[in-house]
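Residue numbers (full-length UniProt numbering), protein chains in the order written: chain A, 1 to 292; chain B, 1 to 453.
In case anyone wonders, no lab produced these hints; they're calculated from the structure.
Virtual Cβ for every residue (Gly too), placed ideally from N, Cα, C.
A few of these clues could be false.
To be verified - Far from chain B, some chain A residues (derived; all Cβ distances over 10 Å):
id : residue
1  : W13
2  : M44
3  : F50
4  : T117
Claimed, not checked - Chain A regions said to be covered by chain B (calculated; three or more residues, Cβ under 8 Å):
id : region
5  : 147-154
6  : 255-264
Stated by the list, open to error - Away from chain B, derived, C-beta distances all over 10 Å, residues of chain A:
id : residue
7  : R9
8  : L121
9  : M123
10 : L130
11 : L140
12 : V142
13 : P144
14 : M178
15 : E196
16 : F235
17 : G237
18 : P238
19 : V239
Chain by chain, the residues:
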Amino acid sequence: MKTKRRDDRRAAWWFLLPVLVGFAVFYGYPAIRGAWYSVTDYTMLNQPSFVGADNYTELARDGEFWHSLLVTVWYVVLNIGSQTLLALGVASLMHRLTRSTVLRAALLLPWLVPNVTVGLLWMWLLDTNLGFVNHLLTSLGVGPVGFLTDATWAMPSVAAINTWAYTGYTALLLYAGMLQIPQYLYESAAIDGANEWRMFRRITLPLLRPVLALVLVVSLIGSFQIFDTIAVTTFGGPVSATRVIYYFIYEQAFRYFHMGYAAAAAICLALILGVLTAIQMRLLRASRSDLA
Amino acid sequence: MIRRSRAGAALLSLAMAAGLAGLAACSGDDSGDGADGAVTLDYWLWDDNQKASYQACADAFHTSNPNITVRITQSAWDQYWQNLTTQLAAGEAPDVWTNQGSYYPQFVTSGQILDLQPYVKADNVDLSQYQGGLADLFVKDDARYGLPKDWDTMALVFNTDHLKAQGVDAASLKDLTWNPTDGGTFEQLIAKATVDAKGKNGLDPAFDKSKIKTFGFLPEFKDGSQGQNGWGNFAASLGFTYLDKNPWGTQYKYDDPRLAQVIDWYKSLIAKGYSPALDKASTLANDALMNAGKGAITITGSWMINSYLGDTAKVKFAFAPLPAGPQGRKSAINGLSDAIWTGTEHKDEAWKWVKFLASPDCQNIVGGNAVVFPALKDASEKALDAHKAKGRDVQAFIDEASAPGGTFFLPITDHGSEVSQIVQDAIQSAVLGQTDSASALKKANDQVNALFK
Numbered sequence: 001m002k003t004k005r006r007d008d009r010r011a012a013w014w015f016l017l018p019v020l021v022g023f024a025v026f027y028g029y030p031a032i033r034g035a036w037y038s039v040t041d042y043t044m045l046n047q048p049s050f051v052g053a054d055n056y057t058e059l060a061r062d063g064e065f066w067h068s069l070l071v072t073v074w075y076v077v078l079n080i081g082s083q084t085l086l087a088l089g090v091a092s093l094m095h096r097l098t099r100s101t102v103l104r105a106a107l108l109l110p111w112l113v114p115n116v117t118v119g120l121l122w123m124w125l126l127d128t129n130l131g132f133v134n135h136l137l138t139s140l141g142v143g144p145v146g147f148l149t150d151a152t153w154a155m156p157s158v159a160a161i162n163t164w165a166y167t168g169y170t171a172l173l174l175y176a177g178m179l180q181i182p183q184y185l186y187e188s189a190a191i192d193g194a195n196e197w198r199m200f201r202r203i204t205l206p207l208l209r210p211v212l213a214l215v216l217v218v219s220l221i222g223s224f225q226i227f228d229t230i231a232v233t234t235f236g237g238p239v240s241a242t243r244v245i246y247y248f249i250y251e252q253a254f255r256y257f258h259m260g261y262a263a264a265a266a267i268c269l270a271l272i273l274g275v276l277t278a279i280q281m282r283l284l285r286a287s288r289s290d291l292a
Numbered sequence: 001m002i003r004r005s006r007a008g009a010a011l012l013s014l015a016m017a018a019g020l021a022g023l024a025a026c027s028g029d030d031s032g033d034g035a036d037g038a039v040t041l042d043y044w045l046w047d048d049n050q051k052a053s054y055q056a057c058a059d060a061f062h063t064s065n066p067n068i069t070v071r072i073t074q075s076a077w078d079q080y081w082q083n084l085t086t087q088l089a090a091g092e093a094p095d096v097w098t099n100q101g102s103y104y105p106q107f108v109t110s111g112q113i114l115d116l117q118p119y120v121k122a123d124n125v126d127l128s129q130y131q132g133g134l135a136d137l138f139v140k141d142d143a144r145y146g147l148p149k150d151w152d153t154m155a156l157v158f159n160t161d162h163l164k165a166q167g168v169d170a171a172s173l174k175d176l177t178w179n180p181t182d183g184g185t186f187e188q189l190i191a192k193a194t195v196d197a198k199g200k201n202g203l204d205p206a207f208d209k210s211k212i213k214t215f216g217f218l219p220e221f222k223d224g225s226q227g228q229n230g231w232g233n234f235a236a237s238l239g240f241t242y243l244d245k246n247p248w249g250t251q252y253k254y255d256d257p258r259l260a261q262v263i264d265w266y267k268s269l270i271a272k273g274y275s276p277a278l279d280k281a282s283t284l285a286n287d288a289l290m291n292a293g294k295g296a297i298t299i300t301g302s303w304m305i306n307s308y309l310g311d312t313a314k315v316k317f318a319f320a321p322l323p324a325g326p327q328g329r330k331s332a333i334n335g336l337s338d339a340i341w342t343g344t345e346h347k348d349e350a351w352k353w354v355k356f357l358a359s360p361d362c363q364n365i366v367g368g369n370a371v372v373f374p375a376l377k378d379a380s381e382k383a384l385d386a387h388k389a390k391g392r393d394v395q396a397f398i399d400e401a402s403a404p405g406g407t408f409f410l411p412i413t414d415h416g417s418e419v420s421q422i423v424q425d426a427i428q429s430a431v432l433g434q435t436d437s438a439s440a441l442k443k444a445n446d447q448v449n450a451l452f453k
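Excised from the complex, chain A in its bound form (with noise of 0.2 Å):
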């Protein structure tokens, strides 16, 4: 018996081999070195010298790191809200009204598209001059907007563009969630006269929990890391009204040549992420499921 576990432990080390090797090289090599490159002043162009804490207190006074922390958040909750809270009403129809393959497919289209692809599409979309959304806003008497280039717009407009071409694919999941909870639940509480909405709070909201939080998870570090559609529509602007954390990470790395800085900074957002990820799984006790 003992012996057999033991075997089985080995057989698994080599099924993890491969994973385990590409995470070592592509993941593990480079956060150490990149841990490395924070506590250096490296430009690429020079061999990096130890600069201590240099880089970390540089970062505490740089008001544009602090302001590119703040314009992350902001997009974080502006594409976090409306993507959630889009997706948990796309799922619910799904799974109460139909169950439509064709349409589960429709869903995921944006998705597909890649994200430059996106970028692009909604940078011609949205613009102020030629966009044709701005062409029906003054037919209908409404201003151009500057979705992109107003500072007010220009970060809900961003957000907006990922909320579109995400909110099928979280509702997907959610939805693959919900289809777990079982039938005779709502069956029981319909019987009992509960209504849509009622059904909705007691049982898909509370049952969904588990899959809610790994979705919540992976979408809050998605969001924090949103650079392509920004890199392709506003390019941080307009002035630094969409300059995220990432972008300023970019930039300071291949625009500036600061790889000891821009690595410094990347560390510092690895660790809001880790504290983020494990206080959002304490409050929704994501390993715990009700069903249970």
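On the provided structure of chain A, position chain B as indicated by the hints.
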């Protein structure tokens, strides 16, 4: 948002593993000596319009130097500098590459560019044959980090049919004046060229500035620290200079009140409805807007000649010289160079190629193709003739370049890309009305100069 494998995620690991990235992107190390002494040189440039011309140069070069083959790699501007820096970091850089003023200082500072002065001296290259001052742009402390390959100046570009419809005689555009107070005859032209939805122009009392069909003037506010496509030229015509000395100054002068005056004039155009407000401006480039009939006049560089006068233009355009300011007409002039990597194994062959690129043999080929103006004065004339042969009037660019005192050089210093972002943000925040021009520029100037301490 849940996202698939993305540039974003890749970037984090990239930022952390910049060294690895260099290894992954491989330009090939097969540029070594062949058995028969044959050498392959890697040469990089970013402009796809120019690739064919330089390929023709490379072929001519190979004919006279059969043992040297030049392999040209072209990549778009945005990727070009990232790729180049990564390759330099990895020790795999091209033997020769095209340089630009705001990027090359960092390569000089990090010792990546070969000093050409000893070669220039040994081979007696005549530096006076180039357009005035171009050769000196790439000199630091008596070392020479490149030979000039081309130049560009700026001019007005306008929609000819639109101006004609507004009753403007195209010939009158040759003698425009400008000042920051009332904008001179240039602003009158802009007003006349601005047309609202009812067809009234900016001079008409019934003009409705809230419903503009065609803006008289399209400004460029994504213009870095130089304002090459706009404000820099006006500021220079007021006597503004960027730096204590150029190239290689260490003290910028963005707090000069004359620059703030120019920005205020731009803001006044927006307030009058002659130019689109920055927060309602297009994310698309000005040439796209000009082609869509959304703008009547803008400022452009000679590298855009083929876009405006070429077959792809949807509207008929023509060029006119920039308006003359209180200190006369001033156009930014910018030059590119070819540089040799210090790490190349084929220094002598690379020098032969660079010398060839800077010689009439190559520059006449480039000029004859009428894509850019080559650095050699004679070759520039060839380019002008080639344009004329195609029925294109590009005299404005040449006149500005040859007028005494008619041009100024863009700043060449360390920290170019940081300066660019700081100043651009400051100007945009002033134009958006988040702060006034003078204090935005003062603050930016302090930030910029702090980089040099």
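Against the structure, the hints come out as follows:
no.	hint	verdict
1	W13	holds, 25 Å
2	M44	violated, 4 Å
3	F50	holds, 16 Å
4	T117	holds, 12 Å
5	147-154	holds (count 4)
6	255-264	holds (count 6)
7	R9	holds, 30 Å
8	L121	holds, 13 Å
9	M123	violated, 5 Å
10	L130	violated, 6 Å
11	L140	holds, 14 Å
12	V142	holds, 13 Å
13	P144	violated, 6 Å
14	M178	holds, 17 Å
15	E196	holds, 27 Å
16	F235	violated, 8 Å
17	G237	violated, 7 Å
18	P238	violated, 6 Å
19	V239	violated, 5 Å
Of the numbered hints listed earlier, those contradicted by the structure are 2, 9, 10, 13, 16, 17, 18, 19.
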